Amino acid sequence: MYRSAVYDEPFLNEISKIIDTKSKPISEIPKSLQKTDNIKLPDLDETQIARHYHHLSQMNYGIDSGFYPLGSCTMKYNPKICETISSWDKFSGTHPYQDPSTVQGNLKILFELERMLCEITGMDFFSLQPAAGAQGEFLGMLLTRAYHENKGENNRTEVILPDTSHGTNPASVTMAGFNLIEIESTKEGMVDLEILEKTVSEKTACFMLTNPNTLGIFESDITEIQKIVHKAGALLYYDGANMNAIMGKTRPGDMGFDIVHLNLHKTFSTPHGGGGPGSGPVGVKIKLEKFLPIPRIGRTEDEKYIFDYDAPKSIGKIKNFYGNFSVLLKAYIYIQMMGSDGLKNASEIAVLNSNYMKNKIVDSGKYEMPYKNLRKHEFVLSCEKLRKEKNIRAMDVAKRLLDYGLHPPTIYFPLIVKEALMIEPTESESKTELDKFVESLISIADEDPEILKKSPVNTPIGRVDEVNATKNPILNWNMI
Amino acid sequence: MKFIPNSSEKNKMLKEMKIKNIDYLFADIPSNIKIKKLDLPKGLSQQETEKKLRGIANNNKSYNDILSFIGGGIKPHYIPSIVKSIISRSEFYTAYTPYQSEASQGFLQAMFEYQSMIADLTGMDIANASLYDGGTALSEAALMCVRIKRKKSFIIPENISWEKKSILSNYLKGPDIKIVEVPYDKKTGKVDVKELEDIIDGNVAGVYIENPNFFGVFEDNVNKISNIAKENGSLFVVGVDPISLGVIKKPGDYNADIVIGEGRALGNPVDYGGSSLGLFSCKQEFLRQMPGRVIGMTNDNNGKRAFCMALQTREQHIRRGRATSNICTNEGLCALASACYLSWYGSQGFEKLSKINFENGQKLSKELNLIKGFKRKFESIHFNEFVIQTSTDVRELNKKLLKNNIQGGLILDKHYPDLKNCMLFGITELHCEEDIKKISSVLKEVMS
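Protein sequences appear in the order of chains S and Z. Per the numbering used here, residue 109 is the first one in the first sequence, and the count goes up by one each step. Per the numbering used here, residue 26 is the first one in the second sequence, and the count goes up by one each step.
FYI, nobody ran anything at the bench for these hints, they're computed from the structure. Values in this document were obtained by computation on a predicted structure and should not be read as measured data. Don't take each hint at face value.
Below, a list of computed lysine-lysine pairs in the DSS-like style, where the Cα atoms sit at most 30 Å apart [what the hints assert, rightly or not]:
id	chain 1	residue 1	chain 2	residue 2
1	S	K139	Z	K255
2	Z	K380	S	K539
3	S	K143	Z	K59
4	Z	K212	Z	K380
5	Z	K198	S	K395
6	Z	K377	S	K139
7	S	K452	Z	K40
8	Z	K219	S	K139
9	Z	K400	S	K139
10	Z	K198	S	K393
11	Z	K67	S	K412
12	S	K412	Z	K439
13	S	K539	Z	K59
14	S	K335	S	K311
15	S	K143	Z	K219
Please put together the full structure from these sequences, using the hints given.
Dropping the structure here:
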């Protein structure tokens, strides 16, 4: 049975009392800026710091700890060599403004990564600047506006999304100042062509789509979708969060998408870091090239790499410098190792693993799976039957999985599935691990609901009162 | 390379699933959009990869290979070994966003501690668990001012980095917020307070300044600027270089409402400009308008101390189109590095570090100011960056320095036409007396 390490780990400022430095003011500092209050950082010995964080790390679950099937998050293994190489000071110790002749290695990596991402997605050009998927989406919206305004079509103020879209999609749309229109999916969990056709107009700027969608279903009508969208004069945006399903099989560029973002921290194996740093490069078709952020990276005839700032129609910048370079470097290394066949194999096995699990769970009859049968890299189950029969909620199942030493899937998303469990195994898991998860999920359905309600019990703490954290926010140790 | 265990189990699994071949699983992709193969090179072994990357890396020069004095708001600092050791623990770096609190207590507590230290360092009540970088943190602060004040313009100094300016204008385009620039005093390099008084009116949601500013200069008229902002019903936003906070007042002590900054300097390598770390802290009254993830303390079902993501109802995964920001993935691991870094230095160590940066800045500017044809551009106290005006073509000068294996200052005239032949120099605690002597002697030679 799984047991997590448990520590009643004190705060840094409880391990060692904060010493008031009472430091003398520095006479050269302007009077109005002389310190009135000293900084209050804990003063610790390095041993104490090492133990503190060691203890904390043991109360944290990562992909190296075990199975992590968070839907739409693509928690695949993070090869160690990427960490090693990216920490070489020849990379990590380079300054973004140093003379380009002294960082030709960096520029080569950025240049080649752009070309490789173009090939993988079927797009013409890439920008590596966005720091995460959501920022990629935001950039996509800026490019959309620039494109339409350049054509004099300033009245295109609406962006359409299916009701299965990721939460960042609508948030990015409104942040960029567009009006949001959500359309209902069909009974098969796909884009409703009739509704889409009725919704597009001369006011439509863009239609955003994830394919395969968040139910894990491939939108087979994509050719019809792109025709409807383009006929209306709008652009088609690809949310690449689910790219891990289709590498080497099909490409957003070939499907007719105009703008694509990728999440390198998903499909291209760079670590999530407990929330970041990530990277969300954006690819476009040639008609949008001139609006891409600056600088662009070029290569001269004598194989020198250069920055090109000469782009009068460019939207400018969305992030300092050239994006999260250390993350870009890791993705570059990953693609080098995988190669063409490796990437294809990754997608094939990711989809195989997902369908293998889905079949076994659905066959057990314990959970239902609304919508179509064939799935790509992820699938969405419903605990609605368990809720009706035994008052077991998706939340209860998720928390009980923790007691089995397994990370739960994404829950309560997408919103169109009641009591949703969204499972994405990725290609990183062995058959044994998949079987173990399936068996655990099935056995949980038969457990006494009381046990589930009290779960988890094998984690460092029991079920957390999240409502209280919002009602009575305590956000740092000074607020206690 | 072996990362995909079921590559060898494929046929067995397909058989169990009663499927003939893997293509069946992709039968829902129409044939007109299917591809045969990606045109990419064959995969390399781990050993081959390392060799190839070694070759590429050798075309780079790091700050260990070249003596660098380039500024521009980003410079390498010393990173204690403990930082790398801790952020390399894979329980931390291979974890996702802590949606499942019970399996993420370690990271959550570390972020709670990070928020505590950033709030204290900036003199604010609360801090979030990071944004992408300094530029987007400024943009989010401006958007927050607009949400709170419901006014449609935002004042920034003319002399913030051009990159930040561009980022800000992109983030403010959608909601149609006007950016108004207040000029800097050409003598001092500081915000021209009189101009600010003339420009500001009742329609301004926020006033932004940087301390030290992009020219390295300390803005010492902060009390006046703060009052001007408040009198006109605007919020006061301050951008910081966190390393400077060991020698100067916390922005909270001169009445800032929101503090932002590039936090990368706290324990993270320069990494060619990214990963980065957006610092964001503010007064408690603005809590529910804050962007980004924030970690809170609560209890578990046994009354034990516990941590989780708090106020999630502001965020995109709950509120979708009405969220305070679209941010999801942030810079968690960089924030962890910062927390570890700050606790390693402690109050005294951090103040000392800050002081060395200040003193090295003074030493270098004094030394360069003595060189014929070199003059400090602004007659103000500066931190660890400063502008030098030269009597020569700075592009040629940098080329000559490069021949001596020195990276000179950042050339400014492209974005600040007033600053012809000016360079922004930067120095940190990594430089020693000898380094200062070296650049000074090479410059003397080059200028003579």
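For each hint, the structure was consulted:
no. : hint            : in the structure
1   : S:K139 x Z:K255 : holds (22 Å)
2   : Z:K380 x S:K539 : violated (57 Å)
3   : S:K143 x Z:K59  : violated (65 Å)
4   : Z:K212 x Z:K380 : holds (26 Å)
5   : Z:K198 x S:K395 : holds (22 Å)
6   : Z:K377 x S:K139 : holds (19 Å)
7   : S:K452 x Z:K40  : holds (21 Å)
8   : Z:K219 x S:K139 : holds (20 Å)
9   : Z:K400 x S:K139 : holds (25 Å)
10  : Z:K198 x S:K393 : holds (23 Å)
11  : Z:K67 x S:K412  : holds (25 Å)
12  : S:K412 x Z:K439 : holds (23 Å)
13  : S:K539 x Z:K59  : holds (28 Å)
14  : S:K335 x S:K311 : holds (17 Å)
15  : S:K143 x Z:K219 : holds (26 Å)
Checked against the numbered hints listed earlier, the structure breaks hints 2 and 3; every other hint is satisfied.
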